[in-house]
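Novice: Sequence:
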Amino acid sequence: MKKMNLITVGIVLSLASYTAVAEEQVKPHAYVAPSVGKYFFNNDRGLEDDSIYSLDFGYQFNERTALQLGVGGLKTEDPGLDNEVDGQWYHLDGLYFFNPTGKWKPYLLASAAHMRLDPNTSGVDEETLLGVGVGIERELTDRLALRTDVRGYHSLDEDDNDAAWMFSLKYALGDTKTSKPRKVTPAPTPVAEPKTIYVDKPVSVRLNVEFDFDKSEVKPEYYGELEKAAQFLRKYSNVHVTIEGHTDSVGNDTYNLMLSQSRADAVREALIEQYQVDGNRLTSIGKGEAEPIADNGTPLGRKQNRRVVATIEAVDRVQKVVSE
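Here the sequence shown stands for residues -22 to -1, 1 to 302, where the numbers follow mature numbering (1 follows the signal peptide of the UniProt record, and there is no 0).
Keep in mind that the hints were calculated from the coordinates and are not lab data.
Take these hints with a grain of salt, some might be off.
Restricting the straight-line Cα-Cα distance to at most 16 Å, the calculated cross-link-like pairs of lysine to aspartate or glutamate (EDC-like) are [what the hints assert, rightly or not]: (1) LYS16 x ASP64; (2) LYS83 x GLU117; (3) LYS83 x ASP27; (4) LYS53 x ASP27; (5) LYS281 x ASP190; (6) LYS265 x ASP294; (7) LYS197 x GLU247; (8) LYS298 x GLU117.
If you're wondering where the values come from, they're calculated on a predicted model, not measured in any experiment.
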């Protein structure tokens, strides 16, 4: 029994070293495995090969390593004595699996066993055995699997070599699979599609026509100003405009008011007759000398004050592409 204890410690330590480097893809779990098979005695023992059975209690550390303790018995005969022999055996097995993620899992095993035969037909009541073997496990479900293996044993007490074949039905106690986090492929970052919007953009044109002293005729040099204003009014057909006439300070107020109105009317008529602008959109008003923009004390200032002005404003709908 002392030898058995030392062997058991060795198997446990070996499995611990395997466990340290094994892949952690199976959830550690306990299992139970009833087993049946046949035991083949060395010819020198004088015992018949016969059936063997065991109930194994195991623990699966990870995908590759497991440790199990079995308690069982065997029946055989001693032909020389024409006597049935009953036996008990206890075994501790360490298993190392290959192809751990497949349905078929080959494995190697190392085993330490203790056997007791009654009656003592070989001269020894109890003996300790060391063994190695190979087997294969077939996974049926997450909890259920079939196993079969062959193993050879060497008796440390009798110096005999035996063999055994075992067939097991393994049932896991608890969940066997570690829930792996699913690899989630991040959704592609949506690319903002360009969006077309319309924004209001204020637009305007400034009309400025200057006149000679005491005159209300539009001079040809300002036809370009009128054309520019007319084009703007044609483009923005809902725009109405007020045309303002002004004078310098020479003369009395009443006369200058009339003169400024005549100048505003002259520009309005030119837009209607020469540039086909709808007259209903044009309003003319004379303001006399009341709103000078320059010094009436100088010839240049008076020239600048003799004017007709209009600021024509509209709102343009501008297309703009933006990213959301």
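Novice: Any hints from earlier that this structure breaks? Give me their numbers in increasing order, please.
Specialist: Violated hints: 3, 6 and 8; rest satisfied.
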